[in-house]
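Let chain C serve as the given structure and place chain P on it in line with the hints.
As you go down the protein sequences, you meet chains C and P in turn.
Counting from 1, one number per residue, gives the positions in the first sequence under this note's numbering.
Counting from 1, one number per residue, gives the positions in the second sequence under this note's numbering.
Think of the hints as simulated: they come from the structure by calculation, not from any bench.
Treat the hints loosely; a few may be bogus.
To be verified - In silico DSS-like links for lysine-lysine, alpha-carbon gap of 25 Å or less:
| # | chain 1 | residue 1 | chain 2 | residue 2 |
| --- | --- | --- | --- | --- |
| 1 | C | Lys131 | C | Lys157 |
| 2 | P | Lys215 | C | Lys215 |
| 3 | P | Lys23 | P | Lys47 |
| 4 | P | Lys131 | P | Lys215 |
| 5 | P | Lys131 | C | Lys157 |
| 6 | C | Lys87 | C | Lys215 |
| 7 | C | Lys215 | P | Lys157 |
| 8 | C | Lys157 | C | Lys215 |
As the list claims (entries may be wrong) - Computed Cβ-Cβ distance ranges for the label pairs, DEER-style:
| # | chain 1 | residue 1 | chain 2 | residue 2 | range |
| --- | --- | --- | --- | --- | --- |
| 9 | P | Ala142 | C | Arg33 | 56 to 62 Å |
| 10 | P | Ala101 | C | Glu201 | 19 to 25 Å |
| 11 | C | Arg271 | P | Lys87 | 57 to 63 Å |
Don't be surprised by glycine CBs; every beta carbon is placed ideally from N, CA and C.
There are 2 protein chains.
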Amino acid sequence: MATNVALLGLGLMGKPMGHNLLKNGFALTVWNRTAARGDDLVAAGAKRVATPSEAAAAAEVVITIVSDPPAVESVLWGDNGVLAGLKRGSVLVDSSTVTPALARRAAEACGERGCEFLDAPVTGGTWGAEKGELVFMVGGKAETLERVAPVLGAMGKQWLHMGPHGAGQVIKLATNLILALQTVATAEALALVRGAGIPGEKLAEMMQASMGRSKLIDVKLPMMLEGRYTPSFPLRLMNKDAGLALELGAESGVRMPGATAAREVMTAVERAAKEDVDYAALARYWQKA
Amino acid sequence: MATNVALLGLGLMGKPMGHNLLKNGFALTVWNRTAARGDDLVAAGAKRVATPSEAAAAAEVVITIVSDPPAVESVLWGDNGVLAGLKRGSVLVDSSTVTPALARRAAEACGERGCEFLDAPVTGGTWGAEKGELVFMVGGKAETLERVAPVLGAMGKQWLHMGPHGAGQVIKLATNLILALQTVATAEALALVRGAGIPGEKLAEMMQASMGRSKLIDVKLPMMLEGRYTPSFPLRLMNKDAGLALELGAESGVRMPGATAAREVMTAVERAAKEDVDYAALARYWQKA
Chain C
1 MATNVALLGL
11 GLMGKPMGHN
21 LLKNGFALTV
31 WNRTAARGDD
41 LVAAGAKRVA
51 TPSEAAAAAE
61 VVITIVSDPP
71 AVESVLWGDN
81 GVLAGLKRGS
91 VLVDSSTVTP
101 ALARRAAEAC
111 GERGCEFLDA
121 PVTGGTWGAE
131 KGELVFMVGG
141 KAETLERVAP
151 VLGAMGKQWL
161 HMGPHGAGQV
171 IKLATNLILA
181 LQTVATAEAL
191 ALVRGAGIPG
201 EKLAEMMQAS
211 MGRSKLIDVK
221 LPMMLEGRYT
231 PSFPLRLMNK
241 DAGLALELGA
251 ESGVRMPGAT
261 AAREVMTAVE
271 RAAKEDVDYA
281 ALARYWQKA
Chain P
1 MATNVALLGL
11 GLMGKPMGHN
21 LLKNGFALTV
31 WNRTAARGDD
41 LVAAGAKRVA
51 TPSEAAAAAE
61 VVITIVSDPP
71 AVESVLWGDN
81 GVLAGLKRGS
91 VLVDSSTVTP
101 ALARRAAEAC
111 GERGCEFLDA
121 PVTGGTWGAE
131 KGELVFMVGG
141 KAETLERVAP
151 VLGAMGKQWL
161 HMGPHGAGQV
171 IKLATNLILA
181 LQTVATAEAL
191 ALVRGAGIPG
201 EKLAEMMQAS
211 MGRSKLIDVK
221 LPMMLEGRYT
231 PSFPLRLMNK
241 DAGLALELGA
251 ESGVRMPGAT
261 AAREVMTAVE
271 RAAKEDVDYA
281 ALARYWQKA
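Looking at chain C on its own, in the form it has when it is part of the complex:
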């Protein structure tokens, strides 16, 4: 019999992940705060329920992927939350990006109910979610990861065990910090070039031949050159993650001048933006008014 999987959170990431679970033959129960976002998954064979606890009660593997720590807290500990429905012996996998402390708190709550927990934030964006090519950064017990590997394999191409509970979140916040700062680097350099009267395309031409070349420059610099910021990964989430990184750094006494600068830039642009934009839009910080 196929494993029963519950999926909570049907946003830009959750929805394609759900379709890939169905395609791979898993029995899927879904829940989302705005129920209508699950319509096409229901049409494709998923069962929709009204509360997180009902979703959890229906599954051996429960996956949550929501936008931020308050959303995770509400879905897990809220009225009719996941923890109220979780069956003994099941596994809760949180693929949201939150603080390691919250991940450890969730792990403890699962343990008290005879369940296992994994923090398993993802990278790969909506494109990776659609293609089933996500990469999971996993914190928790290695044997629990082994148990859910077939489920992760339906949605992703790789799952890396990063350490104990919370370790997945630590690595995720660190990788997003690198992305945010690479984006600041690219945008600030572009502003410097344009400010000196040289076309930004010359920087792009040179970067191909440079030690500074990167995947991020390949993908995001063209967006900056064209001022085209359709969200692949929204600025508001990248900015939120930089905030979480700063929180984590403060806990362990790590100085973070880079994250501080990136957060300043992203916050200014996010406040001024009238629409949802990709994090490449932080380049707007340098636009003349």
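Leaving out everything else, chain P in the frame of chain C:
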């Protein structure tokens, strides 16, 4: 008859560039502030002279590659400087990294003497200099670049025309700014991970699979993990270039929170360093005392 080339500045970059000019059959005259640094080039067939003006007088193409703006000013405008010796019709190529303003000033001085000027800073490090695989970012007239292309081809694999006088320096400062900030990003993320009790190797493992992957992370993160900082490109030069980028930004009114943060980190580490270190050593900023 082979073009007579003069090379001034026989440091980590200049010396291997000189050997490649000789290997490619150019008649080479060399000068260096500390004359002994030219011994092996003389042994390989170069002619050594006592002053920059003598070197310039001996050549159709004069290449300067010294460490910073004051060094360029001294070599060009100082007593017995290049400008005093430059023959009408010759080309001065400055491969040092300096401000665009200084490049334009040199171009003007060359013009007054009936000579051409190119700013042509390089990327590729000592490794690229030794293999003859440097990339030149060139500012100046396209036809002048065409004239000296055979000479550049002896030392590098690519020469990109970036725009008018100074444009090569603008792009060079921008690419080094990207490198410096990528390095801050990597080191700060590493500190965050280690501060949370997770081995830095886990970050490296994940970065391979991430959107954040880059040439810089491939090369510099292992150095940081091992704390091994033999200079390929010295921190003091990277820090100097960040200072020049800030100068350029200030001239054109470009805000530079990233460069400001990078400069703070690099200056703290440079001051504390007892030896010459690679710029990857900026990771020491996050070491516990």
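Okay, the hints, checked on the actual structure:
As the CA atoms of Lys131(C) and Lys157(C) are separated by approximately 9 Å, the hinted pair is consistent with the 25 Å bound. With a CA separation close to 9 Å, the supplied pair Lys215(P) and Lys215(C) stays within the 25 Å bound. A hinted pair counts as satisfied when its Cα atoms are at most 25 Å apart, and Lys23(P) with Lys47(P) qualifies at roughly 14 Å. Distance hint between Lys131(P) and Lys215(P) is fulfilled; the C-alpha atoms sit about 18 Å from each other, no more than 25 Å.
Taking the CA atoms of Lys131(P) and Lys157(C), the gap is about 38 Å. The hint is violated against a cut of 25 Å. Our distance criterion of 25 Å between C-alpha atoms is broken by Lys87(C) and Lys215(C), whose separation comes to about 42 Å. Using a Cα cut-off of 25 Å, the hinted pair Lys215(C) and Lys157(P) holds, with the two alpha carbons roughly 23 Å apart. For a cut-off of 25 Å, the pair hint linking Lys157(C) to Lys215(C) stands: about 18 Å separates their Cα positions.
A beta carbon spacing of about 59 Å between Ala142(P) and Arg33(C) agrees with the range 56 to 62 Å that was offered as a hint. For the pair Ala101(P) and Glu201(C), the beta carbons lie near 23 Å from each other, so the given range of 19 to 25 Å is met. A hinted range of 57 to 63 Å holds for the C-beta pair Arg271(C) and Lys87(P), which are about 59 Å apart.
Of the numbered hints listed earlier, those contradicted by the structure are 5, 6.
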